[in-house]
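Chains A and B, in that order, give the protein sequences. Just so we're aligned, residue 10 is where the first sequence starts under the numbering used here, counting upward by one. Just so we're aligned, residue 909 is where the second sequence starts under the numbering used here, counting upward by one.
FYI, nobody ran anything at the bench for these hints, they're computed from the structure. As the structure is a computational prediction, the values presented were derived from the model and not from experiment. Check each hint, because a few of them may be wrong.
Partial chain A-side listing against chain B, Cβ under 7 Å, derived [to be verified]:
{"hint": "1", "residue": "ASP30"}
{"hint": "2", "residue": "LEU34"}
{"hint": "3", "residue": "THR108"}
{"hint": "4", "residue": "GLU120"}
{"hint": "5", "residue": "HIS121"}
{"hint": "6", "residue": "ASN124"}
{"hint": "7", "residue": "SER125"}
{"hint": "8", "residue": "TYR126"}
{"hint": "9", "residue": "LYS129"}
Cβ pair distances, simulated, as ranges [said to hold, decoys possible]:
{"hint": "10", "chain 1": "A", "residue 1": "ALA66", "chain 2": "B", "residue 2": "LEU1328", "range": "37 to 45 Å"}
{"hint": "11", "chain 1": "B", "residue 1": "THR1530", "chain 2": "A", "residue 2": "LEU127", "range": "47 to 55 Å"}
{"hint": "12", "chain 1": "A", "residue 1": "ASP142", "chain 2": "B", "residue 2": "ASP1346", "range": "20 to 28 Å"}
{"hint": "13", "chain 1": "B", "residue 1": "ARG1299", "chain 2": "A", "residue 2": "SER64", "range": "53 to 61 Å"}
{"hint": "14", "chain 1": "A", "residue 1": "ASP142", "chain 2": "B", "residue 2": "LEU1399", "range": "50 to 58 Å"}
{"hint": "15", "chain 1": "B", "residue 1": "GLY1518", "chain 2": "A", "residue 2": "HIS122", "range": "29 to 37 Å"}
{"hint": "16", "chain 1": "B", "residue 1": "ALA1358", "chain 2": "A", "residue 2": "LEU127", "range": "26 to 34 Å"}
Virtual Cβ for every residue (Gly too), placed ideally from N, Cα, C.
One-letter residues, chain by chain:
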Amino acid sequence: MSHASESRSEQLVLHVEDNGDHADLVKRCLSRHRPESRIVRVEDGEAALEYLSRSDAATPRPLLILLDLRLPKVDGIDVLRAVKTTPELATIPVVVLTTSDSESDVARAYEHHVNSYLVKPDDFLVLDSMMKDLGDYWLDWNVQPAGGP
Amino acid sequence: MIGWMALLGGGALPEGASTDLPPSAIANAEERYRALIRNFPKSAVLLFDHDLRFIVVDGPEVNVVGYSKERMEGRTAAEVLPPAFLALVEKNMRRVLAGEEFSAELPYGELFHLYNYVPIRNDRGGVAYGLVLATNITERRTMENALRKSEERFAKIFHVTPDPTAVTRAIDGVLIEVNPAFVEMFGWTRAEAIGKSTLDLGIWVERGQRQAIIDSVQKRGKVDQLEMPVRCKNGQLLDGIVSFTAVELDGESCVFFTFRDQTERTRALRSLEASEARLRSLSEATFEGIAITQRGKILDVNDQIAAMFDKTREAFIGDSVLSMVAPESMELVKQRMSDRADEVYEHLSMRADGTRFPVEVRGKHSTIQGVPVRVTAIRDITQRKKDEAERERLITELRARNAEMEQFAYTVSHDLKSPLVTINGFLGVLERDIAEGDGERVKSDIQRIASAASKMMRLLNDVLELSRVGRVANANERVALREVVTEALELVSGSIAAKRARIVVPDTLPVVMGSRVRLLQVVQNLLENGLKYMGEQPEPLVEIGRREDPKDEILFVRDNGMGIKPVHADRIFGLFEKLNPKSEGTGVGLALVRRILDYHGGSISVESDGVSGSTFVLRFPTAPAREREGT
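Could you put the whole structure together from the sequences, leaning on the hints where they help?
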């Protein structure tokens, strides 16, 4: 808990999403419920991996990765696999947020050790409450080791 | 009698020889008759009186039998002859003295003599002496004996020979003798046959033949093994082999003929021939090649094998069966042959020119007339193999299409849901923004909803377009790509002008088989694509050209834009795949291009170092040479 309160000031979420509209919707919902959170959005998998590979002041380590699956350049699953197989990144929770509810996508995501799999709801109110719960759970209640090994 | 007297007395008996000829008179003639007698070969002359006393004995034969003139003359028969011989001749001597003239053949030891007994009469007609002229006939008797024995043997053979045999007169064909086999086979009794001519009996089915045969027999002595039909008493016809031999019987030209019945054999032979013909026609009617081999050597093949291997049937005979097998299948075939396996298996066959073809074979061990052989049926399965490969290819293609279809459905549902999420999301946001009275935000929300809706429309249109690719009329016309490029350049002339791009196209481009409309779509898409991703290039250039290739027709579209990193080279052809999320378009364009190329039996790939432009390479199967076309 102490770790969580320490990192409360940061509450950085890396949102990997190529669809600008969807990114805006997520940001509006999450910011409304968690004004203290900061969302960094990248548009494709390549950009996500590049962000995560740097560890300077401009690219602080995120508390949570929100990951779309169908992404330009490097696909969401490949980003997930890269994160989970890189020791310094493996402990960062990754939540998939995608339009796909296909069983194979769900299975593949869990095979690569996704922490949670969410399907984008087409009802705005559901999305809104989903984002509130997501923030509460992953940014408040969930405890994770600080930094990398 | 007179002759003898003349002989003895030179035609003049001494005067006064009334009762008995005086011995002196006879002695007088001695010199004359002795000379004569001595010249009688193998003969002797003996003159004796009523006392059976030899008066005159002479001739070469006297010494031959162990006597002599000196020993015998003046002595009686009883005194000089051995008792056994005396017993034989005494009676004859007395018969001649009684006046009888006769001859007799009598043995003397191993010899045989002919004795001519002649009474010698005095002028009163009384018998004065007996004269015997003895001639050695041993040789004749021996010959006669041999001949008789030979005749007996011949008769026996003639009688018992199992082949019907007959003797006819050459002149008219009248039967002189027939044997029991003849009687049995032809049905006439010996009595019925003998005395009739073969023509009367109708033995020769072809009557005209007889004379020619007889002529030939008389000229050459015999005619052997003539195949000809004959007729029996009951009219039945028999097939046979007849041999004729010319013989002389009792000074008459005859023909001896034997007949051997071949009816059964002919029938068996005909049925064998028929059976062979049936088998041959069976083997010629099958689709399979059939080979009969013995210890690996070819005894016979049917026409199908000859055709399969492009060789004459005769050329196979005696060859090793392995000469038909390609080296790479040799081990397998040898194994199967030595296993005496009779299940079906496949291997590669080889013609004399080295060309190979797949076959299916089945060998069966069998025996023909006691000889172990292997009968092998061979089927050319080139077509079947082709069909199988084609089926495999179709199945693979179908699987790929199925997978593509699933992917398509998944992608479409995912990407069509995306604008719906946007629309519904912003409708929710809009409600809130209206409640908060934030005019700017309301405007932005509506803008986003409208744009998501129109994006959805474009997506649907593109998906529809993509689904239509396979359904185009005139999909197999000859399409000159140069003309297609010209048309496409007109369609994108706006973009070219806007980008101030330079376009390079050669004078000629390949002609391919396909759909002109679709190929126009391809070129247009690639041109637009090249122009769109020019990046910061100050001198945009799009170049279209042809690449030499031994197999395919190759067209390329090269730009000097931003390029595509090699890792993305494949993904760009996926449906709704966009490397740049901000770029216009739905991500269907290159998917559509690939799909069209697929339908043309071609392919598309991209070459780029990810920095200095991209080259899209389109491969088309070479169009068949232009056949004569109407003007």
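### Unsatisfied constraints (hint numbers, rising)
Going through the list in order, the structure violates hints 4, 5, 6, 7, 8 and respects the others.
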